[in-house]
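Chemist: Just so you know, the protein sequences line up as chains A and B, in that order.
Quick note: the first sequence uses the numbering used here, first residue 1, plus one each step.
Quick note: the second sequence uses the numbering used here, first residue 302, plus one each step.
Among these hints, one or two may not hold up.
Simulated pairs of lysine-lysine, DSSO-like, Cα-Cα distance not exceeding 30 Å [what the hints assert, rightly or not]:
hint : chain 1 : residue 1 : chain 2 : residue 2
1    : A       : 39        : B       : 869
2    : B       : 470       : B       : 957
3    : B       : 869       : A       : 42
No lab work stands behind these hints, which were simulated from the structure alone.
Fair warning: this is a prediction, and the values are worked out from it, not measured in the lab.
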Amino acid sequence: MFFILLISPLFTGVIRKIKSKIQHKIGASVFQPYYDLIKLLKKDLVVSNTSSWIYNVAPYVYFITSLAAAMCLPVVYQLRGFSLYTDLLVIVYFFVAGRIFMALAGLDTGSTFGGMGSSRELLISALVEPALFLIIITVGANPEIASTSVFSIYDYVVENSSNTFSTINILLFAAMLMVMIAESSRIPVDDPSTHLELTMVHEAMTLEYSGRHLAFIEMGTYIKQLVFMTFMANILIPLGLNAESLIVGLGIYLLKIVVITILVGVIEINTVKFRLFSLPNYAVIALIIAVLGFLTRFVLR
Amino acid sequence: MMSNQIAVFFIVCVILYVIGALTSLASFASPKWSNRLSNTFALLASSLLTFLMIYKLVYSRDISINLNFNTNIPFFTVKFNIDNLSAFFILIISIVAIIVSLFSYTYMSHYISKKNISIFGCLYNLFIVSMVLLVSSSNLLLFLVFWELMSLISFFLVIFEHGKEEVQKAGRIYIIMTYTGTACITAAFVLIAAYTGSFNFTSINLQSIPQGAANFIFILLLIGLGTKAGIIPVHIWLPYAHPVAPSNISALMSGVMIKMAVYGLIRFIFNVLPAGDLWWGVLVLCIGIVSALIGIAYSIASTTNIKRLLAYSSIENIGIILAALGIMLIARASNNLFLLSLSLTAVLLHTLNHAVFKSLLFMGAGAIQYSAHTKNMEKLGGLIKKMPLASVFIFIGCLSISAVPPFNGFISEYMIFRTIISSISYFAPLQSFLLVVILMVAAAALALTGALVAFCFVKFFGICFLGMTRSKEAENAKEPGKPMIMALASAAVLCLLLGIFPNYAIKLIDSVGSQLIYIKLLTTNWSLLPSEYYPANNSRLSIPSGLIALLLVVLGAIVLLVVMALRKRTFVQRYNTWDCGYTKLNSKMQYSATGFSKSLRIIFRGLFKPVRDLEITEGIAPYHIKAGRYTTSTVKFFEKYLYQPFVKSIIYFSRKIRFTIQTGSIHAYLMYFFGIMVLMLLYYSFTA
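Given only the sequences and the hints, what does the whole structure look like? Please build it.
Modeler: Okay, here's the thing in C-alpha cells:
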C-alpha cells in the first residue's frame, strides 16, 4: 500500500514524458507530479462560501478509499497476506465511494461546472461498470476459483502463470485497459490536461479545489490509476508473479507497469478525445471485448 | 421461553396494535392525543415483537409457533403458524414499524386540524397488524384475507389527502392494479386447492400438482404477487401512490408492504409448488433484471419529485431481490443446495437491508417535505445547512443504497454478485451454456444498475442538500423535531451496524434457511455437507466487513494527523465560487436535477422519448433574448404503449357491446334471459 502510495505519481510522470517524447519535445521530468504535489500541499486554500462539510471531507475520502483499495490488491504475490482477505468487489465499491463523494463535492459549490462534471463523471463510470464487472466475474467465476477473493485469485494465478498469454487474458487485458482509461480520466474519454468548459469531466468536478485538497484528489487519482494497472499486471498478465524473492518480484511488477504506461501513452498520443455522446460506443466496445473473454472462458472450450 | 409463551406474547402484541387502533379512534376529540396514542401503542407492540422474533430465531429455531382458533365456517379455520421464515419477515415489519412510529410523532402533527388524525392512527395500526398476521397465516384463505385487508387499508392510507386530484388518480390506479393482482392470486389459490384438496401450507402435497398446472399457478402467482411488489410492467401504481401518500406510509409501504410479495413467493416456492423447471428461475431472473435496470433509469431521468424518485428506486431494489430469487429457483430446480442457501441468504439479506435504508430515505423525504414544504427537487438545495443533523442521516441512507462499504447495502449487493459468480462457476462445467450466458447478462445489467444507483442518489442528495437554495420555502427550512431526528438516526445507525456486523443478520437468516431447506429437500442431508460450505462460515465467501470499517477509520486517522500538521502552515480563505468573472452567481445558475440527468435521458432516448420545448421571446434584435422558457418531458413508456392501448380497446369494445347487445330495450333483455335459461336447461339435460 505504501509502495503504491509512493510510486503512483511516478507513472503519471512517465506517461507525460512518453507523450512528450513522441511529440519530439523534451517534456517535464518524470518526477514533476511529486513536485506539483509538494507545491500544492504547501499552498493556502480557497474554499467556496456555498460549500458545506461534504466539500471539505470529499478529497480525503477520495484519497482514503483509493488507498484502501490499493491495500486490497497486493503488488507482489508474497505480500498477499496484507490484502486483508478481501475481495475484488470491495475494491470496486471503494472506488464507488470515492466517486460519490467527489461528485457530491462538485455539486456542493453551486457552480455550473461542478454539476456538469459530476453528472458526466458518474455517467462515464456507469457506462464502463458492466465491462469492469464482467472482467472480475470472468476471473472469479472460474470453477477452479469460484470466488472473487483476492487471496484465492492470486493463488490460482500463480499456479497457472505459465499460460499468461492465453486468449482470455489478452481479451480481458484489452477490456481492462479501456476501463482503466475511462476510470482514470485519460484521453479518449476525458482530457486530464485541459480546462475547457465543454470538454472537461473530472477537472470540472474538481475545479473549485485548491491547495492540499487538490493534492489529495490528484494523489487519489494517481493511486486509482495504479490500482487498475496493478490488476492488469498481476492478475491478467501473471508472468513472473511467482518470483521467489521479493525484490525480483517487485522488479518484474515495475517492469510490467512501465509497459502498460507506455501503452497508455501511445494510445493517448494517437487518439483524440471523444464526444461525450460517443462514449456509450466506447463503453460498449469495452463490454463486447469483456463478453468475448467471458465466452472464451466459459462457453467456447 | 417455550413456544406457548411466545404465542402468548405474540397475541399480546397483536392486541396492543388493536388497542392502539381503537384508542386512536376513541380519542377523536383530541387529534393530538390520538396521534400520540396510536404511535405509542404501535411503538410498544413493535418493540416487543422485535425482541420476540429475535428470540424465536436465535433460541427456538427448531420449533414453529401455532395458534388455532376454530370457526363455524366450513373449510375456514383461523390458524397461524410462525416458522422461521414468518418470524424473519415479522422482524422486518416490526423493526421498520418501530422507526416509522417514532417518526410519525412529529410528522403527523402537521396534519392536525387539517385531516382526521384519529382515523389515520387507527388505520396505521391495523395496517401493521394486517401485515404481521399475513406472514403468520398458515393457510391460503387466511393469507388471502389478510392480503386483502393489507391492500385495502393501504389504499385508504394512500388516499389520506383525498381532496387533491393527483391523490385521487393515484388511488384509482392503485386499487385497480391491486385488484388485478388479487384476482390472479385468488385464481392461483383456487387451482392449488383444486389439485391438492387442502388450503394449508404445511399439509399441501407438492407432488399432487401436475407440472402443467404448476406452471400456470406459478405464472398467476408471479403476476399477482408481482403487482404488489412493483415488478415491471405491472409497476405503474408505485410511482403514483408513493409520492401522494404521507411519508410514514410510503416508508412502510416501500420498506415492508412490497416485501410481502417476496415473502409470498418464497413461501409458495418452498411450501406449495413443486421444484419446477429451470425456466421459472430464468423468467424471474429476467423480470428482476429488467425491473432493476428500467426502475433505476426512470428514477434518475424522469422525475424531479423526491418521493417518486424513491418509488422508482424501490422498483429497482425489488428487481435486484427478484434476480436473486430467480437464481434461488434455478438452484432449486437443479438441486444445488449450496447455491440455494447462498441465494436465499442474498434474497433475505437484501430484503432486510432495503427495508431499513428505504424507510430511512422515505422518512428523509418526509422530513424534507415537512420543513421545506415541497417535494420538487428543483425548489430545494442547500438544505445541509438548514437541517444539518437530518442531512447526515439521510446521507448515510444514500451511501447505503449506493452500496458503499461499510454500510449495509454493500453487503447484500456483494452477496448477490457472489451468488451470480457461484452459479456461473457451477453451471459452466455442466455445459448449460444458455444459462451461463443469461447469468452473464444479468451480472452486466446489475453492474450497470449499481452504478446508476450511485448516479441517482448523488442527484438526490446533491440537488436537495448541497449548493444554493433554490426557493424561499427551502430558505426557511428548519431542522425537524426530535422524534423525527431520532427515527432517522436509529435507521442510519442500523444501516451502519448491519453493514459492519452482517454476520448477526446472516445468523438469523441461517435459521430460516435451515428450516426451509431441510424440511423440503429431505433427499440430501443438509448436516452432512462440510461446514465450510455454509455461507456464514466460509471465509472465502464472507468479507471482513468489520476489518474494512477499521481500515477506513485507521487510514482516516492517519490522514487527519497529516492534515493537522499541514494546517499549521497554511491559511484557509473562504471566498465566492468561481463565476467566470461575471456578476454574482445565483441559484438558477446551478446545475438542476433535470440538467443533471439529461445525458442519461439522451442515452436511453429509446425508452424515455424525451421531448423538449424552447420558447424564446426576442428583444430588439434576434440575439437579444428577453425571456426564455425551456420545458422537457419524458414519455411513460409502459403506460403509453402497454396500458393505454389496452384501456382504449376495452372502452372500444364496451361501446360496441353497448350498441349491439345492451340496447336499452326491455324486450331484448327478456329474450336474453329466456335464451340463457333454455341453454342451461339443454346443458343440464345433456350432461345429466
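Chemist: Are the hints correct? Go through all of them and say.
Modeler: Outcome of the hint check:
no.	hint	verdict
1	A:39 with B:869	holds, 16 Å
2	B:470 with B:957	holds, 27 Å
3	B:869 with A:42	holds, 10 Å
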